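Student: Quick note, the sequences are listed as chains A and B, same order.
For the first sequence, this note's numbering begins at 1 and goes up steadily by one.
For the second sequence, this note's numbering begins at 154 and goes up steadily by one.
FYI, nobody ran anything at the bench for these hints, they're computed from the structure.
Because the structure is a prediction, the values reported are computed rather than measured.
Check the hints yourself; a few may be wrong.
Derived pair list, reagent style DSSO-like, types lysine-lysine, alpha-carbon separation capped at 27 Å [claimed, not checked]:
(1) A/Lys57 with A/Lys80
(2) A/Lys122 with B/Lys192
(3) A/Lys92 with B/Lys234
(4) A/Lys122 with B/Lys234
Covered stretches of chain A (in silico footprint by chain B; criterion: 3 or more residues with CB under 8 Å from a CB of chain B, positions within the stretch not fixed) [said to hold, decoys possible]:
(5) 13 to 27
(6) 106 to 113
(7) 119 to 126
Ideal Cβ positions, reconstructed from N, Cα and C, are used throughout, including at glycine.
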Amino acid sequence: MSPHPRQTQSILIIEDSEDDYEATIRALKKTNFHNPVFWCKSGQEALDFLKHSGAHKDKTNPMPGLILLDLNMPGLDGRKTLQQIKENATLKKIPVIVLTTSNDERDIEACYRIGANTYVQKPVSFDGLIEAIKRLKEYWFEIALLPKENGNG
Amino acid sequence: MTRMPLNESQPILIVEDSDDDFEAVKRAFKAANLHNPIKHVYSGEEALRYLQSGPSPIPGIILLDLNMPGVDGRKTLEIIKQHEELKHIPVVILTTSGDDRDIEACYRLGANTFIQKPVDFDGLIAAIKRLKEYWFEFALLPKDT
Chain A
1 MSPHPRQTQS ILIIEDSEDD YEATIRALKK TNFHNPVFWC KSGQEALDFL
51 KHSGAHKDKT NPMPGLILLD LNMPGLDGRK TLQQIKENAT LKKIPVIVLT
101 TSNDERDIEA CYRIGANTYV QKPVSFDGLI EAIKRLKEYW FEIALLPKEN
151 GNG
Chain B
154 MTRMPLNESQ PILIVEDSDD DFEAVKRAFK AANLHNPIKH VYSGEEALRY
204 LQSGPSPIPG IILLDLNMPG VDGRKTLEII KQHEELKHIP VVILTTSGDD
254 RDIEACYRLG ANTFIQKPVD FDGLIAAIKR LKEYWFEFAL LPKDT
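With the rest of the complex left out, here is chain A (with noise of 0.2 Å):
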């Protein structure tokens, strides 16, 4: 199936490790992905990005269209940084995909309940997390729609 015409959005990747952000790199480009994508180590940062504010302050990075987030990350806990994507009012329009080691029940039900969009296992091998986000975009970006990175509010 060939991109929607209007899926022009960007990722924002939230991933603290460099590895598995040049993997999933290089599986976007596998799949002939050219929107931007940016990245950000943790998700103070990510924050940050999102918001205009800390060392981010005066940019003008668009809203992404998408957000794959790992929770595995020192720091501000992926948890609590869905949690505050979810809440604010401009950000949780923003599809957030989970991306995790943990396949805990627990962790699962409670991610969907702060309002992840997908959780999904992180692959241990490398051909696995690129498989794994070749899947997400095509999902993403040849099936669903997602929210215009411009819209209101």
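Let chain A serve as the given structure and place chain B on it in line with the hints.
Tutor: Relative to chain A, chain B alone:
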């Protein structure tokens, strides 16, 4: 304990007022090799009555059309996503509209995905197949407690 993706026994709740559209979705599920039990309701009110009756097992996923008489799709979505016992269930909006305002409104209300219903049957089968692969073979879903 390994958690498997949505399995074949978890029912799918389809909220769709048009019999024709429902039949098409049902046929698309068959063509996509999806054999989960399907619960079909015709309206938002019926959906909420059903969900609040404490069905067991609870639906693993809800497909929700927006254009329905009575309690419309958006209101139904809002109620589900604010309900303590229901909010964790993934809701996929499957509707004819591709309007940006509808898209944004639904995501803001907590819709897990917004999909514009393909107008042709082959397109619908393809979309249902992808939905199945994504939600049934890839994503992890909350267990029915």
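Student: Evaluate each hint against the coordinates.
Tutor: Now for the hints, and whether the structure bears them out:
Restraint check: the Cα-Cα separation between A/Lys57 and A/Lys80 comes to about 21 Å, which is no more than 27 Å; the hinted pair holds. About 31 Å separates the Cα atoms of A/Lys122 and B/Lys192, which puts this hinted pair outside 27 Å; it is violated. Taking the CA atoms of A/Lys92 and B/Lys234, the gap is about 13 Å. The hint holds against a cut of 27 Å. A C-alpha spacing of about 26 Å is found between A/Lys122 and B/Lys234, which places the hinted pair at or below 27 Å, so the restraint holds.
Using a Cβ-Cβ cut-off of 8 Å, 0 residues of the stretch 13 to 27 of chain A lie near chain B, which falls short of the minimum of three, so the contact claim is violated. A count of 4 residues in the stretch 106 to 113 of chain A with a Cβ less than 8 Å from any Cβ of chain B is obtained; the coverage claim is therefore met, three being the minimum. Counting residues of the stretch 119 to 126 of chain A whose CB lies closer than 8 Å to any CB of chain B gives 3, so the stated coverage by that chain holds, three being the minimum.
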